[in-house]
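Sequence lines, in order, name chains A and B.
As numbered in numbering that gives the first Met the number 0, the first sequence has no gaps in its residue numbers, which increase by one up to the final residue, 204.
As numbered in numbering that gives the first Met the number 0, the second sequence has no gaps in its residue numbers, which increase by one up to the final residue, 204.
Everything labelled a hint here was simulated from the structure, so no lab data went into it.
If you're wondering where the values come from, they're calculated on a predicted model, not measured in any experiment.
Honestly, I wouldn't trust all of these hints.
Here are the simulated DMTMM-like cross-link-like pairs (lysine to aspartate or glutamate), alpha carbons at most 25 Å apart as the crow flies [to be verified]:
{"id": "1", "chain 1": "B", "residue 1": "Lys127", "chain 2": "A", "residue 2": "Asp67"}
{"id": "2", "chain 1": "B", "residue 1": "Lys178", "chain 2": "A", "residue 2": "Asp67"}
{"id": "3", "chain 1": "B", "residue 1": "Lys171", "chain 2": "A", "residue 2": "Asp67"}
{"id": "4", "chain 1": "A", "residue 1": "Lys201", "chain 2": "B", "residue 2": "Asp67"}
{"id": "5", "chain 1": "A", "residue 1": "Lys171", "chain 2": "B", "residue 2": "Asp90"}
{"id": "6", "chain 1": "A", "residue 1": "Lys178", "chain 2": "B", "residue 2": "Asp90"}
{"id": "7", "chain 1": "B", "residue 1": "Lys201", "chain 2": "B", "residue 2": "Asp143"}
{"id": "8", "chain 1": "A", "residue 1": "Lys171", "chain 2": "B", "residue 2": "Asp102"}
{"id": "9", "chain 1": "B", "residue 1": "Lys171", "chain 2": "A", "residue 2": "Asp90"}
{"id": "10", "chain 1": "B", "residue 1": "Lys178", "chain 2": "A", "residue 2": "Glu170"}
{"id": "11", "chain 1": "B", "residue 1": "Lys201", "chain 2": "A", "residue 2": "Asp149"}
{"id": "12", "chain 1": "A", "residue 1": "Lys113", "chain 2": "A", "residue 2": "Asp102"}
Per the computed footprint, the stretches of chain B lying under chain A, defined by three or more beta-carbons under 8 Å from a beta-carbon of chain A, are [claimed, not checked]:
{"id": "13", "stretch": "44 to 55"}
{"id": "14", "stretch": "114 to 128"}
Over the 12 Å line for every Cβ pair with chain A, so calculated as not near, a few chain B residues [what the hints assert, rightly or not]:
{"id": "15", "residue": "Asp23"}
{"id": "16", "residue": "Val184"}
{"id": "17", "residue": "Val202"}
{"id": "18", "residue": "Pro204"}
The C-beta atom is built at its ideal place from N, Cα and C for all residues, glycine as well.
Protein chains: 2
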Amino acid sequence: MAGGGAAGSALSSPWRALLQRALDGNAHLRHSTYFQLATVGAGGWPANRTVVFRGFQEHCDKIQINTDARSNKVCCQRNVCVLQICWYFTDSWEQFRISGIIDVIDGSSADPAKLQHREKAWFKSSVKSRLQYLGPQPGVPVVDDQQINDVHLDASAGPVDAFCLLVLDPEKVDYLNLKNNQRLVFTRIQKEDGSSDWMAEKVSP
Amino acid sequence: MAGGGAAGSALSSPWRALLQRALDGNAHLRHSTYFQLATVGAGGWPANRTVVFRGFQEHCDKIQINTDARSNKVCCQRNVCVLQICWYFTDSWEQFRISGIIDVIDGSSADPAKLQHREKAWFKSSVKSRLQYLGPQPGVPVVDDQQINDVHLDASAGPVDAFCLLVLDPEKVDYLNLKNNQRLVFTRIQKEDGSSDWMAEKVSP
Chain A
0 MAGGGAAGSA
10 LSSPWRALLQ
20 RALDGNAHLR
30 HSTYFQLATV
40 GAGGWPANRT
50 VVFRGFQEHC
60 DKIQINTDAR
70 SNKVCCQRNV
80 CVLQICWYFT
90 DSWEQFRISG
100 IIDVIDGSSA
110 DPAKLQHREK
120 AWFKSSVKSR
130 LQYLGPQPGV
140 PVVDDQQIND
150 VHLDASAGPV
160 DAFCLLVLDP
170 EKVDYLNLKN
180 NQRLVFTRIQ
190 KEDGSSDWMA
200 EKVSP
Chain B
0 MAGGGAAGSA
10 LSSPWRALLQ
20 RALDGNAHLR
30 HSTYFQLATV
40 GAGGWPANRT
50 VVFRGFQEHC
60 DKIQINTDAR
70 SNKVCCQRNV
80 CVLQICWYFT
90 DSWEQFRISG
100 IIDVIDGSSA
110 DPAKLQHREK
120 AWFKSSVKSR
130 LQYLGPQPGV
140 PVVDDQQIND
150 VHLDASAGPV
160 DAFCLLVLDP
170 EKVDYLNLKN
180 NQRLVFTRIQ
190 KEDGSSDWMA
200 EKVSP
């Protein structure tokens, strides 16, 4: 199964249709946009936490996640940062394990287009969500509960330093449907001309 | 906050009461016993998948997970195998991130007590669950769908080679309640006499 060339791959990735169907079919559940993000943390040990799906980047299949730059979610080895999402849809019993290279976009990015994506993601978040980036650093001991509540934000102000956009470019999607016990593995194949195709293989669950 | 000494720690771990309350409060949801298991896979990259909570080991706080020995879920570095669970309760909006050292128990274990635990876990599983360990190796290409269905099992037969019991001994539990925005981190402290205590700290979410 091929997903088209460079221009075509963005909208025709074969796994994207399955994921969109799962999103639509589970849309009545608030948690259907939550998934678990695994990274390799300090000392080479695995780390895992629930994050919110912030949509695909326009005109492509890249997955967006907002994160607090201070919470150290991303793992890198030799300047390549890789993670794996595990996204389980509780109503349709479907699981998507999506892995790929991540682009970490904070305010120091030199790319104007990336900074624009980050700003867009900031304003797309609710004011309540944005407030968390103004609070104390995640994970530090709480000495005064009141301190957390004493944060105010101008709704028209742009992203603060702690706000970080993660953009995952999927390279492999492992799809499992527990209702019919079917499993499909989609792998992106990079071609010599720089374009890419998706290969799909049915494997045992 | 201390959780008692060696004898007492098993039943008085302070996070265990929170987890039991979440399990009870979300028991009406089939998926409340599912969590995501992060490991470090080949090449040092993170891997993540949904697994089923198979209960605590008797008289202690160790968490049991059944797995297929052929699917290579466990990461080890210098003979120490560590993983992190991310367990999100969709109704109560509570997250438990539990990390610790894992004991991988397959049929080759030399410890009779461990083999007994494994056998117990096998018979506690439904016959349908057990059947998956007799099927083709997970992840290998499917050439003949019929092959998967042509598997039979004697319900009184003991665990097959592929059946593996993972036992996680928690060392750190990071609890987050999204309804009241409270976060508590529980850390196990090993004492000089071999016993252990739990330390709890309130941290910013």
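Evaluation of the provided hints:
no.	hint	result
1	Lys127(B) - Asp67(A)	violated, 43 Å
2	Lys178(B) - Asp67(A)	holds, 19 Å
3	Lys171(B) - Asp67(A)	holds, 22 Å
4	Lys201(A) - Asp67(B)	holds, 19 Å
5	Lys171(A) - Asp90(B)	violated, 31 Å
6	Lys178(A) - Asp90(B)	holds, 23 Å
7	Lys201(B) - Asp143(B)	violated, 54 Å
8	Lys171(A) - Asp102(B)	violated, 29 Å
9	Lys171(B) - Asp90(A)	violated, 31 Å
10	Lys178(B) - Glu170(A)	violated, 35 Å
11	Lys201(B) - Asp149(A)	holds, 18 Å
12	Lys113(A) - Asp102(A)	holds, 10 Å
13	44 to 55	holds (count 6)
14	114 to 128	violated (count 0)
15	Asp23	holds, 18 Å
16	Val184	violated, 8 Å
17	Val202	violated, 5 Å
18	Pro204	violated, 6 Å
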